[in-house]
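Q: Chain by chain, the residues run as shown.
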Amino acid sequence: MKTHCEPSDSELLQSMLAGDEKALTALYRRRQGSVYRFALQMCGSQAIAEDVTQEVFMVLMSDGHTFDPARGSLNSFLLGVARNHVLRRLKRERFYVSIAEDSDNDPTAKERYVTTDGPLDDLSRTETVESVRKAVLSLPERYREVVVLCDLQEMNYVEAAEVLGCAIGTVRSRLHRARAMLIEKLHPAREEKVTSATVKSARCLA
Amino acid sequence: MNCHSFESIVSELAREQTMEASVREDALLHSGECETCALKLEDERLLAAGIRALAAEMEFAEAPARVGEQLLAAFRIHRDMAPLGHTTYRWRYWMGAAAAVLLLVVGLVAIRVRLSSGQEPRQRQIAKQIEKPESSTMATNNGSLWVSTAPDQPRQLTVPGSRRRANGYLAVARLSKSARPGDSSTASHADALAGDFRGGEIATEFFPVGYGSTLNLLDGGQLVRVELPRLALARFGLPINVNRANEKVKADVLVGVDGLARAIRFVQ
Numbered sequence: 001m002k003t004h005c006e007p008s009d010s011e012l013l014q015s016m017l018a019g020d021e022k023a024l025t026a027l028y029r030r031r032q033g034s035v036y037r038f039a040l041q042m043c044g045s046q047a048i049a050e051d052v053t054q055e056v057f058m059v060l061m062s063d064g065h066t067f068d069p070a071r072g073s074l075n076s077f078l079l080g081v082a083r084n085h086v087l088r089r090l091k092r093e094r095f096y097v098s099i100a101e102d103s104d105n106d107p108t109a110k111e112r113y114v115t116t117d118g119p120l121d122d123l124s125r126t127e128t129v130e131s132v133r134k135a136v137l138s139l140p141e142r143y144r145e146v147v148v149l150c151d152l153q154e155m156n157y158v159e160a161a162e163v164l165g166c167a168i169g170t171v172r173s174r175l176h177r178a179r180a181m182l183i184e185k186l187h188p189a190r191e192e193k194v195t196s197a198t199v200k201s202a203r204c205l206a
Numbered sequence: 001m002n003c004h005s006f007e008s009i010v011s012e013l014a015r016e017q018t019m020e021a022s023v024r025e026d027a028l029l030h031s032g033e034c035e036t037c038a039l040k041l042e043d044e045r046l047l048a049a050g051i052r053a054l055a056a057e058m059e060f061a062e063a064p065a066r067v068g069e070q071l072l073a074a075f076r077i078h079r080d081m082a083p084l085g086h087t088t089y090r091w092r093y094w095m096g097a098a099a100a101v102l103l104l105v106v107g108l109v110a111i112r113v114r115l116s117s118g119q120e121p122r123q124r125q126i127a128k129q130i131e132k133p134e135s136s137t138m139a140t141n142n143g144s145l146w147v148s149t150a151p152d153q154p155r156q157l158t159v160p161g162s163r164r165r166a167n168g169y170l171a172v173a174r175l176s177k178s179a180r181p182g183d184s185s186t187a188s189h190a191d192a193l194a195g196d197f198r199g200g201e202i203a204t205e206f207f208p209v210g211y212g213s214t215l216n217l218l219d220g221g222q223l224v225r226v227e228l229p230r231l232a233l234a235r236f237g238l239p240i241n242v243n244r245a246n247e248k249v250k251a252d253v254l255v256g257v258d259g260l261a262r263a264i265r266f267v268q
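Which chain is which? The protein sequence lines are C and H, in order. Under our numbering, the residues of the first sequence are numbered 1 to 206, in order. Under our numbering, the residues of the second sequence are numbered 1 to 268, in order.
Isolated chain C, as found in the complex (with noise of 0.2 Å):
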């Protein structure tokens, strides 16, 4: 009943181009979340995601009749350019890349993300979000994104595709390398237990 009442995208954005101020509202307040929670978890930074958010949109006003629903839904293309908005950013500003850099390279890094006996049993729960918040910011980009996009956004592998711009088979493999890098700075204690456990358990095989 309700998806009958209400539009859909590519109506309210036909509508918008055409200059109808009431289609934009609704179409920014339809996929405004989307594209803000995507480059706020994309960058870590409030003020960038705004901006973003706002460029995303202001594109969408001026560049919008490009927008080919053959192509792919309408919150894929924000999304899209939400990306290219949000990678330029980070290009622009090294501070936030910078994260990434110094955790690769400084093990104290590590140590912020570490919780050996397991994030959810001995640390709160809001240290445990902030832990992957940061250990999901310390990523490099093309791994970041498949996280934002398949795991917090809770996108399928053909939208997050969509999105990317790259295949899905790409999109698969770039989302399990991500999680394996995860669960390294989440975990690295366990991982030497589990690579001196791969070892016995290769003999094992053998």
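Keep in mind that the hints were calculated from the coordinates and are not lab data. The C-beta atom is built at its ideal place from N, Cα and C for all residues, glycine as well. Don't take every hint at face value.
With the C-beta cut set under 8 Å, the calculated list includes, among others, these residues of chain C facing chain H [said to hold, decoys possible]:
id : residue
1  : Tyr-36
2  : Gln-41
3  : Val-59
4  : Arg-125
5  : Glu-127
6  : Arg-133
7  : Leu-137
8  : Asp-151
9  : Ile-183
10 : His-187
Given the coordinates of chain C, assemble chain H onto it according to the supplied hints.
A: Only chain H this time, still in chain C's reference frame:
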């Protein structure tokens, strides 16, 4: 199930995604037997829980209201200024680009034409001076041509920019590098000189001397007045008055910058 198979489904297992019941049972059984796979499953579950918690915390995160207000204000301005379809801007953009390209091409063509036309007439002028019979004078922008009005007193016709010299019988006119054949001042001076020439001396056309190219004269040259035995006329196929064979005849020798004579004309 072995470790390799377990690893391929551990993410789905930890996130409790849809899979075949038998596969799920096998995987859980394997994790109970293999310590490594059990640790891997635990890690994946902890990561999934952490990510779920992070996603849940940010689930309702939204841009502040001021972003929407600013956007709305921008939308109103944009709507008032131009159609939102943006076709006008795009059209203007392409028209501007096309105009820029056109200007560039026209400029390049003009430069090329000017360069080529600046060289050819110059060559033609020199060649004309040497080869065409009706052309018997040499005029330059800043050089001078010497014409004798009396046997022993040559008259100097000065072209603007040249300095006046009256040193008698042997006079030199300098062919300037900067001489521009198409120059109107040059042409008018040439006409004037031709009139004086008719009233003063009579000269033959220039005869090429040797095998040197007249194009070398583009770099400049000198016109040298000399006296030669009258028999020299015969070498260029001109008639000789045998009664005056012992006399001398005046001639202008065109000498290139390399010091070699390029052409000669006889003056009476």
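Q: Next, verify each hint and record whether it holds.
A: These are the hints, each one checked on the structure:
{"no.": "1", "hint": "Tyr-36", "verdict": "holds (4 Å)"}
{"no.": "2", "hint": "Gln-41", "verdict": "holds (7 Å)"}
{"no.": "3", "hint": "Val-59", "verdict": "violated (11 Å)"}
{"no.": "4", "hint": "Arg-125", "verdict": "holds (6 Å)"}
{"no.": "5", "hint": "Glu-127", "verdict": "violated (10 Å)"}
{"no.": "6", "hint": "Arg-133", "verdict": "holds (6 Å)"}
{"no.": "7", "hint": "Leu-137", "verdict": "violated (11 Å)"}
{"no.": "8", "hint": "Asp-151", "verdict": "holds (5 Å)"}
{"no.": "9", "hint": "Ile-183", "verdict": "holds (5 Å)"}
{"no.": "10", "hint": "His-187", "verdict": "holds (6 Å)"}
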